[in-house]
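There are 4 protein chains.
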Amino acid sequence: MSDQKVGFIGLGAMGWPIAGHLAKRFETLVWNRTFAKAEAHAREFGSRAVPLEKIAEAEVIFTCVPVSQDVDDLARALLPHLHPGTLWIDHTSGEPEQAKQTALKLAEQGVRYLDAPLSGGVVGAENARSTVMVGGEAADFERARPFLETYCAKIVHVGPLGAGHAVKAVNNALLAVNLWALSEGMVALVKQGVNPGLALEAINASSGRSNVSENLFPSRVVTRSFPNTFALGLLAKDLGICTDVIEAAGTPAPVLRQVREFFAIAKREIGSSEVDHTAVAQLLERWSGVEIR
Amino acid sequence: MSDQKVGFIGLGAMGWPIAGHLAKRFETLVWNRTFAKAEAHAREFGSRAVPLEKIAEAEVIFTCVPVSQDVDDLARALLPHLHPGTLWIDHTSGEPEQAKQTALKLAEQGVRYLDAPLSGGVVGAENARSTVMVGGEAADFERARPFLETYCAKIVHVGPLGAGHAVKAVNNALLAVNLWALSEGMVALVKQGVNPGLALEAINASSGRSNVSENLFPSRVVTRSFPNTFALGLLAKDLGICTDVIEAAGTPAPVLRQVREFFAIAKREIGSSEVDHTAVAQLLERWSGVEIR
Amino acid sequence: MSDQKVGFIGLGAMGWPIAGHLAKRFETLVWNRTFAKAEAHAREFGSRAVPLEKIAEAEVIFTCVPVSQDVDDLARALLPHLHPGTLWIDHTSGEPEQAKQTALKLAEQGVRYLDAPLSGGVVGAENARSTVMVGGEAADFERARPFLETYCAKIVHVGPLGAGHAVKAVNNALLAVNLWALSEGMVALVKQGVNPGLALEAINASSGRSNVSENLFPSRVVTRSFPNTFALGLLAKDLGICTDVIEAAGTPAPVLRQVREFFAIAKREIGSSEVDHTAVAQLLERWSGVEIR
Amino acid sequence: MSDQKVGFIGLGAMGWPIAGHLAKRFETLVWNRTFAKAEAHAREFGSRAVPLEKIAEAEVIFTCVPVSQDVDDLARALLPHLHPGTLWIDHTSGEPEQAKQTALKLAEQGVRYLDAPLSGGVVGAENARSTVMVGGEAADFERARPFLETYCAKIVHVGPLGAGHAVKAVNNALLAVNLWALSEGMVALVKQGVNPGLALEAINASSGRSNVSENLFPSRVVTRSFPNTFALGLLAKDLGICTDVIEAAGTPAPVLRQVREFFAIAKREIGSSEVDHTAVAQLLERWSGVEIR
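Chains as they are written, first to last, in this note's numbering: chain D, 8 to 300; chain Y, 8 to 300; chain R, 8 to 300; chain Z, 8 to 300.
Please note that the accuracy of each hint is not assured.
Where chains are identical, the list cannot tell them apart; a pair therefore holds if satisfied intra-copy or between any two copies.
Below 30 angstroms or equal to it, Euclidean Cα-Cα: the simulated DSS-like pairs (lysine-lysine) are [what the hints assert, rightly or not]:
id: 1; residue 1: K244; residue 2: K107
id: 2; residue 1: K31; residue 2: K161
id: 3; residue 1: K44; residue 2: K31
id: 4; residue 1: K198; residue 2: K112
id: 5; residue 1: K161; residue 2: K198
Quick caveat, the hints were computed from the structure, so don't treat them as lab data.
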């Protein structure tokens with residue numbers, strides 16, 4: 008066990024197992040808005056549930072919360088307690104611009120910040136096989152690496168501050184594009200009498216394949232199981248962040264922007280943000296009068 | 008060497024190696040519009056270059072030509088010579104409706120037809136690792152299987168007559184969607200200082216990955232090599248066929264239709280149909296003022 | 008009263024008043040699928056309700072039916088009875104390609120055909136102030152003019168055979184575009200606290216005004232009266248015809264095609280084709296959580 | 008001549024004639040970044056060219072500059088000199104959110120602000136027939152009215168602070184939508200042999216007509232005169248502001264957003280922001296291989 012102390016804030020679906028992996032190797036202080044969860048984590052993983060300001064004792068602080076505003080609020084709350092030289096690793100799927108503002112504030116206290124959103128879902132986190140895409144300075148990235156290696160199979164330093172959030176947002180936008188476009192194609196094929204499972208088998212051995220066609224559609228849509236692993240509302244939020252990245256870049260992106268509109272419409276039409284992101288297939292099904300089964 | 012005789016029409020980039028594989032196992036009659044190519048094929052593979060009407064002697068006839076109209080013309084020319092019971096396997100990336108008409112005409116002569124477009128490109132064909140998605144009757148499919156196994160690693164019977172062409176068209180539309188959407192995302196990221204190679208590394212270990220992000224962008228776009236393996240004009244044509252499939256199905260497909268428009272615009276803007284399909288990345292680069300390198 | 012005899016088929020919302028205007032000046036034979044309507048028309052306007060084949064006695068035949076397929080069916084039924092030299096004026100909002108086929112068939116009998124769809128709605132038709140856009144030969148157009156002047160305020164010969172239907176389709180697509188785009192703009196403005204009636208007043212004195220913003224939104228949407236004057240399903244059909252025109256032209260039209268998809272989605276979401284075309288505003292309202300009032 | 012003193016900043020294409028109309032009725036102080044223009048205005052209209060801070064002596068200050076950032080800069084520069092009770096009328100086609108920030112700053116000095124963008128172009132301004140859509144408090148609006156009546160034919164108070172800019176942005180987005188959609192429709196019609204001038208004549212007597220089809224296309228596009236009256240770059244900027252309005256409202260707007268992307272692409276493709284906004288028709292023409300003549 009290393010003698011370095013880490014602090015972990017946010018014990019949700021992703022944070023819980025990740026903090027668990029960290030606790031195996033490092034002295035891990037944990038905090039969660041619902042504190043009972045922090046106490047439960049301590050009992051299960053041997054971490055230490057502490058008041059928020061005590062997190063500042065850690066040399067490396069991790070945040071894994073829903074949105075950048077939450078991170079900013081936490082930074083403000085901890086600012087008076089932070090020690091210079093602390094490294095702040097943010098696993099929130101956040102907004103580049105807001106993250107840069109938070110980083111500036113932290114820098115005034117000598118705290119270093121890295122945006123480090125994750126991919127691989129809860130399963131990846133539990134199996135210590137997450138992918139993390141990091142934005143920030145090279146020295147901070149190298150310092151973070153041994154910690155990230157505790158639960159990540161793929162660690163990539165993609166660019167300067169905000170680049171991690173940006174790449175994550177674009178990745179999730181591509182997930183959304185494939186979810187939507189494949190649904191469009193599949194309902195048309197099913198309407199024409201094509202067997203969807205076999206169509207997917209062909210596509211997945213062809214040039215149009217994607218993680219969506221290989222790993223989401225056959226196991227969740229064709230089977231009609233639609234497990235709830237990633238909320239539609241969160242993916243819609245990521246599409247909004249991607250739009251902000253594109254807006255800041257000033258580059259044309261008609262398809263990504265269009266898909267963002269469709270997911271916003273889908274949220275309204277389905278009537279809930281809590282359904283799984285694959286529910287958009289069911290919206291296309293409803294508009295087409297067929298089921299992809 | 009089987010005693011079955013096959014006939015192969017169309018010795019282009021895909022047909023040449025495929026007919027070569029067939030010639031190793033079957034007595035193969037070949038014909039090509041530019042007859043010299045048929046003669047060259049005979050010299051290299053031991054096939055037999057014959058006048059068009061002699062192709063009708065084969066028990067199984069293959070067509071591998073650019074468009075369904077070509078197949079229809081060939082069917083009309085061969086009609087007086089065809090024997091009942093002949094199987095016609097069409098490897099053209101064709102149009103379902105036109106193919107059904109051709110199949111009806113052939114059926115009047117007792118000839119069975121399967122639409123069996125391929126994926127995997129020239130490399131796949133050369134290595135006998137193509138994917139073939141077949142539409143038509145089950146009995147005809149089973150009859151075709153041993154021949155297809157000569158050069159296909161993946162053989163899928165996706166549905167009734169026309170279903171093969173339909174699945175191929177949707178597959179290629181998904182290839183196009185990913186090419187376009189990934190280009191949109193990448194130019195925005197590069198504009199914001201993100202390293203494109205590293206961004207792709209992250210995406211390819213994340214939920215938004217696709218064959219395009221894994222096998223096309225790193226080796227062709229980031230390297231700037233842009234090899235010419237699949238003409239933009241052909242992919243634009245496939246998007247048109249996909250639109251016809253959607254039109255016939257009567258299902259909504261705003262994204263697939265939009266991407267079709269963009270590829271048509273891209274053809275115009277780039278000024279050529281002969282450039283490689285990855286050239287659309289260069290169009291987004293021009294519209295954005297950056298290069299994905 | 009002229010001594011020329013005209014025949015009028017289709018006494019729906021548009022046909023009824025138009026045939027009535029014709030009956031004031033010409034001996035008018037009428038036929039309708041529900042024959043009782045033809046008899047009622049005769050009683051009200053002094054026209055003559057006759058069996059279908061008797062319509063062929065007229066020198067000028069008018070069709071005012073829902074779709075081109077109906078016109079084609081009628082042409083086939085009347086073909087054995089038609090006299091050479093008859094002029095067929097088609098007020099259906101039809102499909103250019105199918106109309107050209109029908110015209111060819113009629114030409115074999117020496118019957119001249121003009122596609123002459125109308126704009127101006129039922130009110131325009133009742134007040135003899137319709138607009139008619141005509142496709143076909145100049146000589147036929149000139150021959151038709153005196154008849155059209157009976158109920159049209161604006162008569163334009165827009166081009167060769169099919170051009171009338173094409174212009175009508177594009178016109179109705181522009182109506183649809185404005186309905187949709189203005190709804191998008193208005194819900195955003197209302198969400199931000201802007202008074203919709205006053206916003207429309209400003210827009211209608213500005214460069215972004217249209218027939219939709221001037222004559223549809225204030226009187227139907229802001230008032231919430233939504234009178235049913237033109238079915239959503241018919242406008243969606245016209246958008247389909249416009250798409251066919253664009254497809255035949257081979258020109259890019261991303262916005263017109265996109266709006267066509269949205270109207271198809273709107274039909275599904277609203278759950279009826281019979282609601283008024285302005286109902287799309289209510290769909291945007293539902294997606295936005297506000298009302299344009 | 009009223010004894011009220013007004014100050015006018017920004018003597019560009021719109022400001023020059025408007026300040027001229029004001030000068031006929033009020034003592035008008037003028038300032039322009041290129042001061043020689045202010046001096047020329049004084050010579051022509053009897054206004055008084057003064058240093059910037061002297062503008063603060065006016066009871067009513069007008070700004071007519073390209074973007075909201077310019078207005079904000081001017082407000083900061085004048086802040087130390089402004090008297091409480093001054094009314095600031097902003098004719099810039101601005102951004103609602105930034106304007107609200109500027110208004111807050113001015114309010115600290117007791118200065119009242121109205122966003123009051125104009126429509127009607129240079130011709131409208133010269134002929135004192137502009138349309139002005141105003142956002143802000145009712146009392147301020149009533150106080151502004153007699154001044155606006157000097158050069159406006161249509162004065163509408165559309166909502167609270169920012170509403171004027173928002174309505175202007177939506178109006179200009181609708182102008183852009185009609186410019187683009189009509190171009191799409193017209194190139195398809197011309198490709199099919201339809202006479203564009205006659206098609207427009209029909210459309211302009213039909214339900215799909217707009218200010219664009221009535222007043223821009225016949226006189227500028229069909230004639231090929233393409234006079235430069237409103238830069239493409241400015242209209243693209245307005246579409247960006249409209250996007251911000253939609254973003255702030257959180258309502259779906261797939262068509263308005265798509266048109267914004269196309270205008271951004273058009274700027275790149277045409278290679279200049281300075282061409283007239285109707286140049287987008289020429290881009291559709293290039294993509295279609297026809298001219299709308």
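Quick rundown of the hints versus the structure:
1. K244 / K107: both (19 angstroms within a copy, 26 angstroms between copies)
2. K31 / K161: within (20 angstroms within a copy, 45 angstroms between copies)
3. K44 / K31: within (18 angstroms within a copy, 67 angstroms between copies)
4. K198 / K112: Classified as between: cross-chain Cα gap 25 angstroms, same-chain 55 angstroms, threshold 30 angstroms.
5. K161 / K198: between (40 angstroms within a copy, 24 angstroms between copies)
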